[in-house]
Amino acid sequence: MRCRKVRSFLSAYCKEETSVEVSAKIKRHLDGCNGCRREEQVYRSMTQLVAGIPALKASDEFTSRLFQRIGQEGFAEKRTKAYFPRRVPLFGTARLVAAASAAVVVLALGIGLNLGDNFLAPGSPTMVASAPVIHNTDVDDDSYLTVQPVDNPLLDEHKSVSRMIAQYNRWREYSRSLRQNSGAEHFLGNAPGLTLASMRTEATPQTNIQVRPVIKNYLIAP
Amino acid sequence: MDKETAKQVDHDLLRQVQHGDMVAFSRLVDRYRNRLMNVIGRMLMDAEEAEDIVQESFLRVYQHRMSFDFKHCFSTWLYTIALNLARNELRKKKKYKFVDIFEMQNKEVETAVEPKIPSNIGPALQAAIAALPDKYKTAFLLRDIEEMPYEEVARILAVPLGTVKSRVNRARSILRDKLKPRMEERNALSKGALLPVSLL
Chain G
1 MRCRKVRSFL SAYCKEETSV EVSAKIKRHL DGCNGCRREE QVYRSMTQLV AGIPALKASD
61 EFTSRLFQRI GQEGFAEKRT KAYFPRRVPL FGTARLVAAA SAAVVVLALG IGLNLGDNFL
121 APGSPTMVAS APVIHNTDVD DDSYLTVQPV DNPLLDEHKS VSRMIAQYNR WREYSRSLRQ
181 NSGAEHFLGN APGLTLASMR TEATPQTNIQ VRPVIKNYLI AP
Chain L
1001 MDKETAKQVD HDLLRQVQHG DMVAFSRLVD RYRNRLMNVI GRMLMDAEEA EDIVQESFLR
1061 VYQHRMSFDF KHCFSTWLYT IALNLARNEL RKKKKYKFVD IFEMQNKEVE TAVEPKIPSN
1121 IGPALQAAIA ALPDKYKTAF LLRDIEEMPY EEVARILAVP LGTVKSRVNR ARSILRDKLK
1181 PRMEERNALS KGALLPVSLL
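Protein chains in written order, with this note's numbering: chain G, 1 to 222; chain L, 1001 to 1200.
I should point out that these hints are in silico values taken from the structure, not numbers from a laboratory.
As the structure is a computational prediction, the values presented were derived from the model and not from experiment.
For each residue, glycine too, the CB sits at the ideal point set by N, CA and C.
One or more of the hints may lead you astray.
To be verified - What follows is a set of in silico ranges between Cβ atoms, one per label pair, in the way DEER data are often shown:
no., chain 1, residue 1, chain 2, residue 2, range
1, G, A94, L, S1026, 45 to 51 angstroms
2, G, N34, L, H1064, 52 to 58 angstroms
3, L, T1080, G, Q48, 27 to 33 angstroms
4, G, E21, L, K1092, 43 to 49 angstroms
5, G, R28, L, N1088, 44 to 50 angstroms
6, G, M1, L, A1127, 29 to 35 angstroms
7, G, L109, L, H1064, 44 to 50 angstroms
Unchecked claim - To spell it out: a stretch of chain G is covered by chain L in this simulated footprint if at least three of its residues, at any positions, have a beta carbon under 8 angstroms from a beta carbon of chain L; those stretches are:
no., region
8, 48-57
9, 60-67
So that you can see chain G by itself, here it is in the shape it has in the complex:
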């Protein structure tokens, strides 16, 4: 072991904090090195001095004053500033950057959705049904089932979309006839092109069926 290495271990060696192996190596080195031995003496003296520093003590009235304070403060649990989380600056750089990027993402999504409405792929048209909630079916109003295609000439021209609208209208007629005598679940179960999962309804087994569409946007599979 070289002097530099030995000296880095000397303070720990004097406090007997080094391992047996390291201590043996240091001891061997110290036997043959006067400079390091002097360093060791300095550390040993310092260790002795530190151990001999008189301890500071609390005053005799410490406990009585403490109990007096406890009496004054009350025994209730109290949260202190030290236990609160760190305050985040209101207009920190990170926050501003995050807000700006969120705004950009929202803007981009908005533009993307608008473009998406105008240029829908022919294979996946979206039908939007505006559906007011109906509480009483005495009035034969099935306007909530009215399906209007998105106002897009490209879609109207497409045959598959027209076919789907026709199919949907047929289903609407069929469902209207069923609603006279049976529950909504029945006709929904038989409805072509729609599954129960895609149109959730609340139906009661009464004569006057109350149908309340929950999902307003239907995606009709071709």
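Fit chain L to the known structure of chain G by using the hints.
Below, chain L alone, put in the same frame as chain G:
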């Protein structure tokens, strides 16, 4: 009393405190007040302030007695609270440093007449400890003055074990650098060597 027994005693006392036993709390205070005072006093270098901080620490312990997690050591919890309060106090002191101009002048005079090698090395050592950077000083005080195991110091300071070891080592070597001339004189004196001219 070994560490495990001490830990168990602390936990028993704290359980009694949780049930409203003030005698147990008083015993807990007696067990730790001087030890805390020894560390905090050396950190702040002001006995009155240190006592206030130690008192505040016990007050916090009492206020938050129900939230103590018995998985941990009570002493670690107490020292962490006290050291955090002491650090806050030091920060405040640094922020608002009031210096009395007359006191400053007196200090200058004292420095001017101070002998190069004082006969009493104790105050020099204490001054050297006080002048250590805070992070080294805290680690040094807990390890070398309080003689806590490195692991507990690491838990109190919430730093890795290796960091504690390196801080303690660094603190010792800073002290050694500052005190080396005085130590060598002292060693020479104790061996009956010739006195240096400055000491005659």
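Okay, the hints, checked on the actual structure:
{"no.": "1", "hint": "G:A94 to L:S1026: 45 to 51 angstroms", "verdict": "holds, 49 angstroms"}
{"no.": "2", "hint": "G:N34 to L:H1064: 52 to 58 angstroms", "verdict": "holds, 56 angstroms"}
{"no.": "3", "hint": "L:T1080 to G:Q48: 27 to 33 angstroms", "verdict": "holds, 30 angstroms"}
{"no.": "4", "hint": "G:E21 to L:K1092: 43 to 49 angstroms", "verdict": "holds, 47 angstroms"}
{"no.": "5", "hint": "G:R28 to L:N1088: 44 to 50 angstroms", "verdict": "holds, 48 angstroms"}
{"no.": "6", "hint": "G:M1 to L:A1127: 29 to 35 angstroms", "verdict": "holds, 34 angstroms"}
{"no.": "7", "hint": "G:L109 to L:H1064: 44 to 50 angstroms", "verdict": "holds, 47 angstroms"}
{"no.": "8", "hint": "48-57", "verdict": "holds (count 7)"}
{"no.": "9", "hint": "60-67", "verdict": "holds (count 5)"}
Comparing the model with each earlier hint shows no violations; every hint is respected.
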